[in-house]
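Asks: Spelled out from the first residue to the last, the chains are:
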Amino acid sequence: MSENNTAAVETVLGTEENEDTQKDKYLTFHLAGEDYGIEIRYVIEIIGIQKITEVPDMPPFIRGVINLRGKVIPVMDVRARFSIEDRAYDDRTCIIVVNIEGTEVGLVVDEVSEVADIPEKNVEPPPRTGKSTGSRYIQGMGKIGEEVKILLDVQKLLFDEEMQQLMGTIADEQE
Amino acid sequence: MTMNIDDDQIEIIQEFVTESRDMIEQLEPQIIELGQDSDPETMNAIFRLFHSMKGSAGFLEFDHMTRVAHAAENLLDLIRNGEIDLVPDHVNLLCAACDFAKEALDSVESSYSDDDMVNAADIMAEQLHQAIEHAKGEDTAEEEAPAIDQTVEVGNNAELPQIEINDEMRQSFVTEGVELLQNAEQGLLAWGEKSDDPEPMADLFRNIHSFKGNCGFFGFAEMEKLAHQMETVLDRAKSGSPLASDNPADSLLAALDLLQNAVNDISEGRDGSVPDLEEHLAELQKLLPPMIGEILVEEGVEAEHVTAAVETQKKPVGEILIDQGKASPEQVNKALRKQQAVKSPGKKQTKSPASRAATVAKKQDIRVDLGKLDNLINLIGEMVIAENMLINNPDLKGLELENFTKAGQHMSKLVRELQEMAMTIRMIPVAGLFRRMIRLVHDISAKAGKKVDLVLSGEETEIDKTVIETITDPLVHLLRNSLDHGLEPPDERIAAGKDEKGTVTLSARHEEGEVWVTVKDDGRGLNREKILEKAISKGLIEGDGSDLSDKEIYNMIFMPGFSTAAQITDISGRGVGMDVVKKNLEKIKGKINVSSTPGQGSRIDLRIPLTLAIIDGMMVRVGDTTAILPTLSILEAFRPNADQITQTPDGDELARVRENFFQIIRLHEILEKEPDSRELADGILIVLEHQEDRFCLFVDEIVGQQQTVIKGLSEFIGNVAGVSGCTILGDGGVSLILDIGSLRESIEGKLTEQESAPEV
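Just so you know, the protein sequences line up as chains L and S, in that order. So that you can map any letter, position 155 of the first sequence is 154 in numbering that gives the first Met the number 0, and since no number is skipped, the others follow by simple counting. So that you can map any letter, position 563 of the second sequence is 562 in numbering that gives the first Met the number 0, and since no number is skipped, the others follow by simple counting.
One or more of the hints may lead you astray.
Okay, the calculated bits of chain L under chain S, using three or more residues with CB under 8 angstroms as the criterion [unchecked claim]:
#	region
1	77 to 87
2	96 to 109
Examples of chain L residues toward chain S, derived with CB under 10 angstroms [said to hold, decoys possible]:
#	residue
3	Gly-63
4	Gly-69
5	Ile-137
6	Gly-139
7	Val-147
Quick caveat, the hints were computed from the structure, so don't treat them as lab data. Glycine included, each C-beta is placed from N, C-alpha and C at the ideal position.
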């Protein structure tokens with residue numbers, strides 16, 4: 000099933016190149032029982048889980064690097080990023096490759112679901128709980144009928160202050 | 000100026016910008032040299048810079064640039080002819096003119112016009128004029144006139160000081176000459192096809208004009224004469240007057256061939272004389288029917304009036320024409336004089352003209368779009384990986400394939416050669432970068448009131464072009480620091496028993512697969528106490544810092560906003576510079592070494608990895624992880640006996656190799672992996688050397704040797720202690736390349752981490 004979804008997602012990615020048609024479109028995925036979404040314009044491709052080479056001295060959510068057709072890109076485990084309990088990778092686990100201002104990063108998620116259209120009016124501002132580390136990266140809550148998707152701010156997810164401290168000073172150049 | 004700029008024009012402008020930039024870059028150091036010894040050769044080179052710039056800018060209608068270049072040219076001309084003495088102010092002024100030109104070029108590049116520069120040009124030209132006036136101390140009544148007069152003088156004083164021509168100059172003359180002549184030839188050949196378009200004609204004229212100028216400066220009188228005659232003909236044709244022949248291009252082409260032969264002659268070390276010069280000049284002269292303006296000028300009518308008259312007579316081709324129109328009467332005069340001169344016995348060399356085929360350039364280069372080059376190099380990088388995948392394909396394991404192996408080896412060899420070739424393409428010598436610093440040092444030393452000798456070495460060392468761009472700013476900051484903080488003022492130096500002139504050395508060299516760029520000064524050195532004091536006051540360290548090593552303390556200067564300078568001068572002291580150094584070096588995965596001896600000076604090494612380097616790697620394994628060690632760093636490898644191992648009281652393990660003891664670093668601790676066995680006797684110890692430092696690395700097994708293409712670990716990850724990059728293996732997996740230099744740091748970092756947070 001996941002494979003079908005991935006294929007569907009890829010057609011969307013492949014055919015819709017320009018900004019306008021990408022507006023309000025989100026790639027949604029499952030993570031620990033919740034549905035999340037990220038803006039489609041950041042997404043380059045979705046690949047199955049593959050062998051990750053660990054890099055020493057990294058924060059726990061940076062799982063290492065992978066070879067994406069000759070390019071070496073770092074991989075971040077989104078569960079670990081939100082301090083959600085680990086789960087063994089399986090054949091549904093996907094890596095969403097995103098590109099933010101020239102930096103490519105792979106995001107490991109439990110399962111990719113679909114590309115959803117969530118118009119601005121259906122997006123609520125993020126809740127002000129301020130409790131968990133995760134809520135800081137929320138861009139808004141997207142509603143599709145009864146379903147709720149947590150829309151993530153990819154920029155913050157990758158280049159957060161905390162992240163910068165962990166990664167040294169490199170990251171702030173990309174901001 | 001609202002002009003419609005078509006693509007051709009843009010191309011010409013872009014070329015002009017690149018060329019001018021190159022020239023300025025080349026000549027700026029020489030201008031500074033000029034202050035030290037005014038060698039006629041240097042003088043002429045600089046003169047030529049402004050002259051060509053004036054010409055090209057005039058052609059492209061960048062009037063403000065033309066004006067400034069013209070003024071600078073005047074000043075130089077007066078100096079060259081010994082009419083005025085060179086004073087340091089002139090050097091500064093010329094430097095300022097270069098700065099102006101650079102700025103103007105930027106403006107031209109972005110907007111295809113130098114209109115923005117009008118105020119700057121006014122100021123600059125005014126300053127130059129004032130300098131001339133001032134130096135001459137006379138002729139204050141004439142405002143604009145001297146400028147024109149002096150141009151005429153340039154023409155008249157065609158007997159230039161005899162220049163000592165060295166091979167390098169000769170070579171550059173030949174390269175440039177061949178190019179100009181080839182362009183001119185194309186122009187001539189195209190002439191017949193569409194003579195309505197003024198563009199190719201103007202281009203052709205410019206080529207011949209530049210060539211003539213070059214010949215003049217090099218003292219190739221015969222070639223100059225011929226080129227000049229061609230120019231005269233072209234000038235006439237360009238202004239729309241009829242020529243005496245229906246097919247002038249043929250005569251011109253014949254003359255062009257002669258020039259080409261002469262250039263070849265020069266490249267072979269002869270004197271570039273033109274056989275039967277007189278005849279050819281006469282041949283060209285035939286093309287010229289006498290012109291009314293010419294006669295008028297000769298009769299004593301003022302040149303400008305004639306020009307104006309000529310101007311109104313013609314379609315406005317723009318200010319180029321004004322410029323050239325002004326010059327034309329004087330050129331004609333000169334030509335006439337020359338023609339007479341030719342009649343007196345000239346040097347004649349009978350030599351059969353070589354065939355057209357023989358007139359081929361000796362040395363050629365072409366400008367390539369950097370993007371294309373990068374793509375090529377990336378592709379080759381990919382190819383090396385693909386080749387590895389193929390040769391070391393897991394499917395082939397255990398098969399005996401004699402022919403395949405042979406073919407594979409052949410391919411590996413080719414791929415490797417290709418790789419090496421590709422690497423050298425992007426590399427350019429640091430000489431250009433270093434020379435730029437001469438100017439900087441000159442300026443700063445004057446500002447800071449210090450006497451400095453800048454010593455350059457290793458200028459021929461080649462570094463990747465983008466890397467050179469990245470380290471330009473850091474070098475500027477480092478030199479500033481050395482000059483402003485490092486070197487003492489002259490009186491303080493004398494008091495300390497040093498030569499009052501400080502020495503700053505800028506050097507580049509290859510060192511263990513890296514390029515090291517070093518800035519060294521013999522100043523007062525870094526002040527440990529001051530840095531420490533500052534660090535404590537800024538709360539950057541805890542305690543009194545007495546437990547910190549010199550190295551750790553010196554590295555603090557790279558923290559943002561860290562400056563020990565008591566006063567902020569306009570040169571440095573804000574504490575931004577060193578931060579820039581660090582940031583930029585991080586970008587290219589470089590490292591910085593700081594060392595300093597109080598009272599004797601400090602030294603900063605920028606260690607720059609060769610980008611897209613390919614190294615010989617030794618693959619080692621720990622548990623299920625592999626890593627690559629640069630083979631260059633490996634001294635030996637052995638399986639240790641228990642009696643070779645000693646444990647020190649503080650927990651360090653030492654291995655005895657013959658007479659030496661080396662600390663053992665366990666790779667599994669660095670990579671945080673579970674090894675096959677923790678018993679040293681079960682694994683392999685590899686003795687590694689980094690600079691003076693030697694130690695043993697404990698691994699499970701040596702897997703084998705392989706060609707390794709270094710890839711950066713994404714910028715997102717940044718620098719990792721102990722890891723210099725990674726590579727893609729034959730099976731598509733990624734393997735880390737270990738950085739021998741920082742392995743020790745990495746393990747020390749881990750140990751302190753464990754001590755402070757034992758629960759991890």
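Asks: State for each hint whether it applies.
Replies: Structure-based check of all given hints:
Only when three residues or more bring their CB closer than 8 angstroms to a CB of chain S does the claim for the region 77 to 87 of chain L stand; here the count is 0, and the claim is violated. Check result for the region 96 to 109 of chain L against chain S: holds, 3 residues qualifying (beta carbon to beta carbon below 8 angstroms, three or more required). At about 8 angstroms, the closest approach between the beta carbon of Gly-63(L) and any beta carbon in chain S falls short of 10 angstroms, and the interface hint on this residue holds. Restraint check, Gly-69(L) versus chain S: the minimum CB separation of about 5 angstroms is within 10 angstroms; hint holds.
Interface hint status for Ile-137(L): violated, as the beta-carbon distance to the closest one in chain S is roughly 21 angstroms, over 10 angstroms. The criterion of a C-beta within 10 angstroms of any C-beta in chain S is not met by Gly-139(L), whose closest approach is roughly 25 angstroms, and the hint is violated. Restraint check, Val-147(L) versus chain S: the minimum CB separation of about 30 angstroms is more than 10 angstroms; hint violated.
The earlier numbered hints that this structure contradicts are 1, 5, 6, 7.
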